[in-house]
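Read top to bottom, the protein sequences are chains E and H. Residues in the first sequence are numbered from 1144 upward in steps of one, following my numbering. Residues in the second sequence are numbered from 26 upward in steps of one, following my numbering.
Rather than coming from a laboratory, the hints here were simulated on the basis of the structure. Where a beta carbon is used, it is the ideal one built from N, C-alpha and C, also for glycine. Treat the hints with care, as some may be off.
The calculated DSSO-like cross-link candidates involving lysine-lysine, where the alpha carbons are at most 30 Å apart (straight line), are [as the list claims (entries may be wrong)]:
(1) Lys219(H) / Lys1199(E)
(2) Lys219(H) / Lys136(H)
(3) Lys62(H) / Lys1203(E)
(4) Lys1199(E) / Lys136(H)
(5) Lys1203(E) / Lys350(H)
(6) Lys1203(E) / Lys136(H)
(7) Lys350(H) / Lys277(H)
(8) Lys1579(E) / Lys132(H)
(9) Lys1579(E) / Lys1363(E)
(10) Lys1579(E) / Lys1203(E)
If you anchor each label on the Cβ, the simulated ranges turn out as follows [stated by the list, open to error]:
(11) Lys277(H) / Phe1321(E): 52 to 60 Å
(12) Ile1556(E) / Asp28(H): 39 to 47 Å
(13) Trp1316(E) / Gly271(H): 47 to 55 Å
(14) Leu330(H) / Lys1442(E): 41 to 49 Å
(15) Asp1453(E) / Ser302(H): 57 to 65 Å
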Amino acid sequence: MFEALDAVLLARIQFAFTVSFHIIFPAFSIGLASYLMVLEGLWLKTENPVYLRLFKYWRKIFAVAFGMGVVSGIVMSYQFGTNWSVFSDKAGPVIGPLMAYEVLTAFFLEAGFLGVMLFGLGRVSNTLHFVSTIMVAFGTLLSATWILSVNSWMQTPAGFGINEVGQFVPENWMEIIFNPSFPYRLVHMVLAAYLTTAFVVGAVGALHLLRNRQNPEARKMFSMAMWMAAIVAPLQVVAGDFHGINTYEHQPVKVMAMEGHYESYPEGAPLYLFGIPNEEEQRLDYAVGIPKLSSLIIKHDLNAPMKGLDTVPDELQPPVPIVFWSFRIMVGIGMLMVLVGFVSLFLRWRRKLYDAPLFHRAAMLMGPSGFVAVLAGWITTEVGRQPYTVYGHLMTSDSIAPVEAPAVAASLIAFIVVYFALFGAGTLYILKMMNKEPGEVRPLPETPTRTAGTTQLAAQRPDVLPAE
Amino acid sequence: MFDLPTVWAGLLALSIFIYVVLDGFDLGIGIVFPFLKSDSDRDVAMNSVAPVWDGNETWLVLGGGGLMAAFPLAYAVVMPALYAPFIIMILALVFRGVAFEYRWRDKAHEKIWDQSFFYGSLIATFCQGIVLGAFVQGIEVDGRAYGGGWWDWFTPFTVTCGVALVAGYALLGTTWLIMKTEGELRDTAYRYAKLSALATLGFVGIVSLWTPLLSPEIAERWFTFPQLMFVLPVPTLTAILAAILGWGLITKKDQVAFPTSIGLFALCFAGLGIGISPYIVPRAITIQEAAAPDSSLLFMLVGALILLPIIIGYTVFTYWVFRGKVDPDAGYH
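Only chain E is shown next, with the shape it has when bound in the complex:
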């Protein structure tokens, strides 16, 4: 009994570890692929070489990130079987075909056209090359669509029956694919990927603006990234709100944990900004909250009653502290993103966007924020689904493969060592590439003077706009 529990916990840690590492790369490459598509499209349309240089700059980074995404993804497709074979046997008939569709429609498309995108410039026509870039971008989005459908089905299962050997069997594919939480989750994740990329691009732009405010590539990427922040971050808040309402409808217990609602509130529930969840006593210690705001946000009514975890047996509750905190981290970062977008609009209006070192520093600090928010969001939704793998139907403890704890522990250690070493190196290379100034290699003026800098630059770089 104790032995079995250990294997379950170890397998969960292993899955959490490998999937968390994995999601970092797609979260970045979904957004970056679309960005590359936009850059190449703008280059073809305007023939402005700044776009082409930016395309080549980010393409190298994309190649490394995508490679890490591919190899860490292969791990995922086998991990279902090695550690969660009972889950695979039972849920395979429903989620297996969706994943097969992901491979057939998305993975092949990305991988097939990636070669042309990376190596084909000059070998094929510009149009055909652009089509390849579009296919890669489209592939990343298709992949997100299928895998989010799978994940959403595990959260809000629909359209299935259960056969005599206990397998989930499909009854209505439309209901399975378009299960109740899928549209919300998909929009929320794709926007998150776009925001993640925007803040990375913005941070790199900001870094190079701090070094050289005139660098046209740095200005362009910073400007584009800040447009994304200003437009997409507020949209994400709206999408997140819809997603939360949907979660309350289908997985109310998860929302109770997110909100720290240990007790029921018959006359309007407060929104807790802070608190220390106390699992033993089933209460929120040191709680600081705004009365009735939670009811307003989720039910759009100040006095709407909301049930709390006191209505849920202990063994069917998710681990509240993790869900409570990861949710707050995600929301906090989201708010900061909105703020950055808003400040960027103000600076743009005042024509100071490229001339605000303090803001550039802030943008650099925000560079990794998207990754943290994505991870925190996924931890909220995945840990919030516990103790189930298929919500309401299959317990996590009943999903595990018949492998013994030492085997899972050994493979877990191997994954940790290998991932930190290899993906650590990859991240270092990406940072190194980001540290390199975008644009052509420009020799420094031999005797730099205050006035010569910009004129010389303009002489060497006809595409550079004169300084303001």
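Using the hints provided, position chain H relative to the given structure of chain E.
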């Protein structure tokens, strides 16, 4: 008529075969990587597969995902049974996969990534051979789960299969290099292609004779009349192809050895199929028993029939874009 599980068994076999051939040659290049003469030879060898390798590896993901989708019970039994070789294989694939980009990004540590590429390719191949061998030798099943021990996959037979596959992939890799490169690199490739061809054919012989000894059921298929008449073409064709391969390597016909090697793999694959069918977990679970419900299989079949030709179409397109001998100066790095 064929029923849905049989069709899916065929489609899965096809994707695994495509995987073996495609990733086989780029893993094979990893296996011979340290034996190439110069850094520039290694650059060219790697560039010859850089545009296509992750497309090649996607077939492995299809193999895993397809098995889970079409035969969830088989997936649930095979993965825990072959826990260690699968985990080691995917970790090895991580080592070699990252090398494709890393070695260009960090010239100071290029040697480390070359090692990572070599050992990753070698170990991944060896593990695939072990998986194959363990599969052929049979997997113990208890109810709807794996019933054997941790080390059942580790036997003289499976280790032999592992080494055999290393030789086989080296053959695919070197003959690919013969086809795609020129000069000194091509000469080196010819030398190692001959060695790996001899080793491959030797191992094919050993494994073919060993397999029937594992089970009377397999022996019956190969050595009794009238079944013998149906299976006889396999060894006959193998002998013919081996002769063509030898001729291509000795007379240095650049375009002959690679397709012939693929043909040899196809024949081995067919031989394997004869030994295994109608099981999906040999001698324990049949294709029919492991199959997902028809509603799952049909839903996927519609997509597969539309998408697989398209995938094959643009895969061919990619190979066509990068056709001919590799230009040593090309690449975006």
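Numbers of unmet hints, in rising order
1
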